[in-house]
Amino acid sequence: MPVKPQDDQSDELANRIIASMTDLAGALGRLNDLIAQHLGIAQTDLLCLHVLNRAGASTAGALASRLGRTTGAVTHMIDRLEKAGYVRRQPDPHDRRRVLVEAWAPGLERIASFYEGLDARSRRLMATFDGDQLAAIHAFLLGSYESAAEECDHLIR
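Under the numbering used here, the first residue of the sequence shown is numbered 6, with each subsequent residue one higher.
Check before you lean on any hint, since a few could be wrong.
Beta-carbon label-pair distances, calculated as ranges [to be verified]:
| id | residue 1 | residue 2 | range |
| --- | --- | --- | --- |
| 1 | Ser-25 | Gly-61 | 28 to 34 angstroms |
| 2 | Arg-103 | Gly-73 | 19 to 25 angstroms |
| 3 | Arg-94 | Asp-16 | 50 to 56 angstroms |
| 4 | Arg-94 | His-55 | 17 to 23 angstroms |
Keep in mind the hints are simulated off the structure, nothing from the lab. Note that CB positions come from ideal geometry on N, CA and C, so glycine has one too.
Using the sequences and the hints given, assemble the complete structure.
Laid out in structure tokens, this is it:
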């Protein structure tokens with residue numbers, strides 16, 4: 006059941022937060038698109054690299070599930086990214102029949118350089134909040150991520 010704010014002021018603030026989240030998602034999408042263009046890769050390729058960077062080595066099937074793409078499309082993406090020097094295929098140390106894909110450090114360093122300005126500005130902004138506020142922001146962001154991931158799962162079904 007959705008949680009309804011208790012008064013008009015809370016409702017207005019909730020509306021402004023939701024609108025700001027939409028604006029942020031759009032700005033980050035645009036940023037990622039521009040970075041992908043500079044790198045000569047597709048935006049989905051960049052998303053794949055973000056997933057590998059955060060989650061670690063993965064099989065093509067697990068990446069396909071995480072990205073909402075077919076295994077064939079992900080295999081072609083991995084081929085492109087490997088050729089461009091962004092990923093490496095490695096045998097799974099626990100199962101010789103499987104191959105793991107991992108982000109390659111030199112490629113990640115190229116990508117990271119495009120986010121340095123955003124990182125610095127975000128850290129300056131975070132410095133204006135106290136520890137309790139940062140903890141609340143972090144909890145909100147984690148909950149929002151989980152909600153978005155749940156919505157993705159719902160749309161896939």
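Hints versus structure:
no.	hint	verdict
1	Ser-25 <-> Gly-61: 28 to 34 angstroms	holds, 31 angstroms
2	Arg-103 <-> Gly-73: 19 to 25 angstroms	holds, 21 angstroms
3	Arg-94 <-> Asp-16: 50 to 56 angstroms	holds, 51 angstroms
4	Arg-94 <-> His-55: 17 to 23 angstroms	holds, 19 angstroms
Against the hints set out earlier in the document, no violation occurs for any number.
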